[in-house]
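If you want the building blocks of each chain, they are given just below.
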Amino acid sequence: MIGMLVGAVKRSPAVPAMAGLVVLCTVFSIMEPSFFTAGNLANLTAQGAQVAVIAMGLIFVLLLGEIDLSAGFASGVCAGVLAVTLVRYDFPWYLAVLVSILTGTAIGLLLGFLVAKIGIPSFVVTLAAFLAFQGVALLLLEQGKNVSVRDPIILAIANRNLYPWLGWALGAVGVVAFAVVQFLSTARRRAKGVKTERWQITTAKVVGLALAVGAAVAVLNEERSINVMISSLKGVPIVVPIVVVLLVIWTFVLRRTAYGRHIYAVGGNNEAARRAGINVDRIRISAFVICSSMAAIGGIIAASRANSVDPNTGGSNVLLYAVGAAVIGGTSLFGGKGRAIDAVVGGLVVAVIENGMSLLNYGPGIKYVVTGMVLLLAAGVDALSRKRSDAGR
Amino acid sequence: MLEVRGINKSFGAVHVLRDVAMKASTGEVTALVGDNGAGKSTLVKCIGGIYPFDGGEILIDGEPASIHSPRDAAGYGIEIVYQDLALCDNLDVVQNMFLGRERKRGLVLDEPTMEQLAAKTLDTLAVRTVANVRQAVSSLSGGQRQTVAIAKAVLWNSRLVILDEPTAALGVQQTAQVLELVRRLADNGLAVILISHNMNDVFAVSDRIAALYLGQTVAQVKTTDVTHSQVVELITSGKSEGVR
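Protein chains in written order, with our numbering: chain A, 1 to 393; chain B, 1001 to 1244.
Bear in mind the hints are in silico, worked out from the structure with no lab data behind them. Keep in mind that the hints are not guaranteed to be accurate.
Computed list of lysine to aspartate or glutamate pairs in EDC-like fashion (alpha-carbon distance at most 16 Å, straight line) [to be verified]:
| no. | chain 1 | residue 1 | chain 2 | residue 2 |
| --- | --- | --- | --- | --- |
| 1 | A | Lys117 | A | Asp281 |
| 2 | B | Lys1023 | B | Asp1207 |
| 3 | B | Lys1045 | B | Glu1165 |
| 4 | A | Lys195 | B | Asp1019 |
| 5 | B | Lys1023 | B | Glu1057 |
| 6 | A | Lys195 | B | Glu1057 |
| 7 | A | Lys192 | B | Asp1110 |
Values in this document were obtained by computation on a predicted structure and should not be read as measured data.
Let the sequences and hints guide you as you build the complete structure.
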């Protein structure tokens, strides 16, 4: 029985996190009915988005068995760049976003270069960067001024919603695209005569996704304004499709491209990857570039949500939550194991704990302790499953 | 198919290979024997393009070959299966076999084709020990891993496969399976160089034996022409009555 369970866990690393998510949601819904309301669920997605996006980038670094402790403050610096270019230099929003993301890219290049070419352990490089970026954020915002962001498009990212019909349309497009990709790949495998999953399983996957997407859109399309006379508040938050698009892109890169395969290879056995002719240094640098660029996107979401940027944007527990999200989702800290969706599932777990415990009026002390315990539990499961597979050789 | 002539290699003041010569022919297993430090691994790394050598030449089909990197070696159809296997535990059999040389359709990995080719290669080697090509390498036994590493080397239309101590860490039954596989490589028309310490293995599969002693070739003989103890003598003292 236990063997079977461990087997299932090994085959699908996101299963425990998913199960945990369901349990958490059920418990919070029973203890605090206001948890499972459209308003709160919409709130939850915005809360989780920043952490999930940063975690998605971090997964690339974690897959190599490296760590980026500076991702939080890197996102803060990039958010600062966004605010300064928008407010002080009157950049249009798209240019400000571009400059902000490019700042992340440059940060990633620097970190990756120091780790891969100079050979400083990533822990030390990014710890130094963690301190330095904190200072850069202060300098950028002139000794800690709070810069308000007023650009309507930037503010819309985390604060506005899709029209209800657009939510349905995007959801439908997503499900149909998923179905087409699944069935085409199954058909191609069948044509080649290699082992294929049964049609029923493919169909079940598609139906499952359709149900999940349908339920999410239906709930988020409910009216959640307290007084409809003043303003109507309904629809899928804009940040949701943004996270989904990023998720699809990185999942594609990791699972369907040679580059993604090489990331796993370097994380699994550096020497084997080198002998297979993979440019290991380039892979390593690129992972840091992706990580910091994603951190920049996370920073933009944070700036949008807070309507402002201050030197603590991306600070305090953002990084720990992001690492926690990745690990809780099933990404291994030992490298070689992890998926983009881990960031989203783990990010939701972190957001649900934070949100649910706030509703239950627990103080930040208890929240930190509980989140810490969940992270430790996830890391423990990771370490034990690794031990098991080593012993099984 | 491969001939090595007068190869010299020094690491600083240490002269590791002195005028080493050996041959490996198509359809034959050539055992490369020698004590620890005799220079077997160094020789293999020179042939594989990992170390540059100081003098001498490598001939492929009688033509001088210029091998300066593992990629050059692969270009000549030379594949080396290292002692420490160089497989990624977290990837499955197919992913490992195609690592660094993935088949693609546009940007996207062509998984069905790779899976098909991997299965076909294992089939031609009559491998029955690896049932599922989609299982992770971490779940394989030592013998299965060795099989995958060998199959990986064969996949690339290779003409010479060099195996570094393939049975060193294996049990009796798995050793037998791997040796059978080694024999089949040669029977399928490849040239095989087998580095081994184990005389039983050497006599079980090899057609010829090349012995190194302190960085020098002391003999290259037909396996049927020598006895067990003569080979041991060559390895330990560099000479043996009646063998040259």
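Would you pick out the hints that fail for this structure and give their numbers low to high?
4 and 6
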